[in-house]
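We have chain U; now place chain L with the ligands onto it with these hints.
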Amino acid sequence: MTTTTTVRARGSTMQWARFLLIRLVRAVVVMVVLVVVTFAMVRLVPGDPAQRILGMNADPVALAATRERLGLDAAWLTQFADYVNGVLTFDFGTSFQTGETVSKIIADRVWPTLQAALLAIVLVAVGGLLVGLWAGVVTERRRPVTEATFSGITGVIGILPPYLLGTLLVWLFAVQLQWLPVAGSGSLAKAILPAMALGLAPMAMLARVVRVETLTVLGQDYMRLARSKHLPGIRLFTDHLLPNVLGPVLPILGALSATLIGGSVVIERVFARPGLGEELAQGVQVGDFPVVQGLVIFLGGVVVLTSFIADVLAAIIDPRVRRAVVR
Amino acid sequence: MGTAPTTRDEVPADVIGLSDLVVTTESSDPVVILRGVSLTVRAGELVGLVGESGSGKSTVALAIADLLPEGVVRASGSVRVNGEALDALPAKRRGALLGRKVALVLQDPSASLNPVRRIGPQMIEVLRFHFGVSRAEALRLAADRLREVGIDDPGRVLASYPDMLSGGMKQRVVIAMGLLAGPEVVIADEPTTALDVRVQASVLDLLVRLNSEKDVAILLVSHNIVAVGEYCDRVIVMYAGTIVESLAAADLMASARHPYTRALIGSVPSLETPTQAELPTIPGSPPDPGDVLAGCPFEPRCPLARARCATELPRRIALDESHTVACWAVEEELAQHPVRLEPSC
Ligand SMILES: Nc1ncnc2c1ncn2[C@@H]1O[C@H](COP(=O)(O)OP(=O)(O)O)[C@@H](O)[C@H]1O
Ligand code: SF4
Ligand SMILES: [Mg+2]
Numbered sequence: 001m002t003t004t005t006t007v008r009a010r011g012s013t014m015q016w017a018r019f020l021l022i023r024l025v026r027a028v029v030v031m032v033v034l035v036v037v038t039f040a041m042v043r044l045v046p047g048d049p050a051q052r053i054l055g056m057n058a059d060p061v062a063l064a065a066t067r068e069r070l071g072l073d074a075a076w077l078t079q080f081a082d083y084v085n086g087v088l089t090f091d092f093g094t095s096f097q098t099g100e101t102v103s104k105i106i107a108d109r110v111w112p113t114l115q116a117a118l119l120a121i122v123l124v125a126v127g128g129l130l131v132g133l134w135a136g137v138v139t140e141r142r143r144p145v146t147e148a149t150f151s152g153i154t155g156v157i158g159i160l161p162p163y164l165l166g167t168l169l170v171w172l173f174a175v176q177l178q179w180l181p182v183a184g185s186g187s188l189a190k191a192i193l194p195a196m197a198l199g200l201a202p203m204a205m206l207a208r209v210v211r212v213e214t215l216t217v218l219g220q221d222y223m224r225l226a227r228s229k230h231l232p233g234i235r236l237f238t239d240h241l242l243p244n245v246l247g248p249v250l251p252i253l254g255a256l257s258a259t260l261i262g263g264s265v266v267i268e269r270v271f272a273r274p275g276l277g278e279e280l281a282q283g284v285q286v287g288d289f290p291v292v293q294g295l296v297i298f299l300g301g302v303v304v305l306t307s308f309i310a311d312v313l314a315a316i317i318d319p320r321v322r323r324a325v326v327r
Numbered sequence: 001m002g003t004a005p006t007t008r009d010e011v012p013a014d015v016i017g018l019s020d021l022v023v024t025t026e027s028s029d030p031v032v033i034l035r036g037v038s039l040t041v042r043a044g045e046l047v048g049l050v051g052e053s054g055s056g057k058s059t060v061a062l063a064i065a066d067l068l069p070e071g072v073v074r075a076s077g078s079v080r081v082n083g084e085a086l087d088a089l090p091a092k093r094r095g096a097l098l099g100r101k102v103a104l105v106l107q108d109p110s111a112s113l114n115p116v117r118r119i120g121p122q123m124i125e126v127l128r129f130h131f132g133v134s135r136a137e138a139l140r141l142a143a144d145r146l147r148e149v150g151i152d153d154p155g156r157v158l159a160s161y162p163d164m165l166s167g168g169m170k171q172r173v174v175i176a177m178g179l180l181a182g183p184e185v186v187i188a189d190e191p192t193t194a195l196d197v198r199v200q201a202s203v204l205d206l207l208v209r210l211n212s213e214k215d216v217a218i219l220l221v222s223h224n225i226v227a228v229g230e231y232c233d234r235v236i237v238m239y240a241g242t243i244v245e246s247l248a249a250a251d252l253m254a255s256a257r258h259p260y261t262r263a264l265i266g267s268v269p270s271l272e273t274p275t276q277a278e279l280p281t282i283p284g285s286p287p288d289p290g291d292v293l294a295g296c297p298f299e300p301r302c303p304l305a306r307a308r309c310a311t312e313l314p315r316r317i318a319l320d321e322s323h324t325v326a327c328w329a330v331e332e333e334l335a336q337h338p339v340r341l342e343p344s345c
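Respectively, the protein sequence lines represent chains U and L. For what it's worth, this note's numbering labels the leading residue of the first sequence as 1, then goes sequentially. For what it's worth, this note's numbering labels the leading residue of the second sequence as 1, then goes sequentially.
Not close to chain L: a few residues of chain U, all C-beta gaps over 12 Å, as computed:
| no. | residue |
| --- | --- |
| 1 | R18 |
| 2 | V25 |
| 3 | V30 |
| 4 | V37 |
| 5 | A40 |
| 6 | M41 |
| 7 | G55 |
| 8 | A62 |
| 9 | L88 |
| 10 | D91 |
| 11 | G99 |
| 12 | I106 |
| 13 | V156 |
| 14 | L168 |
| 15 | L180 |
| 16 | P181 |
Here are the in silico distance ranges between beta carbons for each label pair:
| no. | chain 1 | residue 1 | chain 2 | residue 2 | range |
| --- | --- | --- | --- | --- | --- |
| 17 | U | L160 | L | G150 | 55 to 63 Å |
| 18 | U | A281 | L | S166 | 57 to 65 Å |
| 19 | L | R93 | U | T238 | 22 to 30 Å |
| 20 | U | A148 | L | D320 | 51 to 59 Å |
The hints are simulated quantities; they were obtained by calculation from the structure and are not laboratory data. All figures in this text were calculated on a predicted structure; none of them were measured in a lab. Think of the CB as a built atom: it goes at the ideal place given N, C-alpha and C, for glycine as much as any other residue.
Looking at chain U on its own, in the form it has when it is part of the complex:
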């Protein structure tokens, strides 16, 4: 018996190793593609950064000198090699405009962006799960009316674009009720409105998925058998219902998190939050290659990491997920 147990344990370790390897390879491939694409994209945008920095009437000699200083006169391949080398050591270069290192810009500006994104992810995860589970349990019984109400409300919220939601929320919570600060950054309270603007629509969509998933699980024979044991309700929930709902829902949450991180960059402007979005927009305008490249890769890295974490969590909770990947 001990031998079979050891064999099994080794088998499942192997399975984990293969699962993590496959997921890591996927993450690395995504990052490589991102590095190549951002490098190409900033250079395909028409216009000469040196010209933009020195102005339209700049002296050709000064322009050439600036190009050399920025490394723009080198062959693309050389530039690419330098760039990849930098990325591998987390050195994204220095801003053409200010001479600040991109790493420092990220360090200075990341918090307003990440704060709103993380808060939005928490809102989507917790809100979507709670509302969806609740709706699933309730609509299992009284279907028609509750179901229609739920679908109606989540359907409407689910299609509202963040800027519109943002405006609505500001009007309601900041102007009318004056519960929350309108804009700015710093305190967590100031991140609440942007997080809600970002997260409410995905939360409503996730709640719909969770409800359907909950109804599916509740109708399964294993739930009937589990109920026949008449366990305490909380055990039925934590040991039987929840993990079976989470398995398929977590990867979706991972994908939603990616859009939330991207969305946070965009919505900063609406809420006057000095985050990465502001830097990125400026960088694109003046053709500040290192800033644009560095920020895009950093944000891409955060997105890849988030969905990696979601996938691993799903695999921890639901063995079928990791077996499906390994097969």
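Only chain L with the ligands this time, still in chain U's reference frame:
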């Protein structure tokens, strides 16, 4: 007859007693699923419940386990488990009673086990929560039960996820899981229907062996009346939400009287039937659940139907102490022998 008080030693107590159970859907225009079902299962008895698909067998099983699906309710009648009426018990005690005394085995073993948990933890839940047994001790007991149901390497099975086991293995696990609480009765709802033909017999044999070795009563739901007749002590035949006949399994072939029971027996293929031969089927189909039935539900398909059958529901009468039947034709035939005729519960 029956004036002398019976003592406990003579007649085993009923572990399940349904009396006049009516189950309907929960809506403004309810559909009647069970139309007054009365049956008993005594301690240690092996009872077969047969009938075509849709006759209400699973609903009976779930009503006993207090697990009717959402939207389906007990409209009237009572369910007693181990002598206690479920209605009279507060929810907590009802849960404790059912969790300990009634084990459920369902049709599809692949759907019966929680796919995200290993077998060990889900097997021992009942021991942990209803009996307060320690984890290690519960796992040891689980391994013992697994051996009893014919699993030689319980260690591996306890550490497995359900989808790593075959269907037959999973059904054995479900049975072993049900046995852990030491139940009075196992309700097995078509436990072999989803299994490979080769393992069907072994799972049935297992249930029969457990019934005799552990003295646990079994309510075996099946649509194969001949198999049930071979395995069980008693056979109860359902049609369209009613019990039409109940008799000792030994009497089934020779003494079954109800036209539906006879038709069921005739429609089961036997080993001797050549595979190409046309199977005798029962002409027609059962009534739809929504149909309002004034008379005998079998009337449209019955070769013996007479005038009153369409308008009057036949009473259940006792032919002898172990045989009841609900049929006007049988009752009229017996009218010539009034000595043996007596209304039954
Ligand atoms: N959840 C439900 N809602 C409405 N009707 C149901 C439900 N479950 C079963 N029924 C109806 O009850 C009848 C009996 O079903 P069931 O007990 O599953 O029969 P059996 O197990 O004998 O095949 C069927 O006609 C079925 O349509
Ligand atoms: S009561 Fe009438 S219709 Fe029903 S089974 Fe008997 S003879 Fe047939
Ligand atoms: Mg059934």
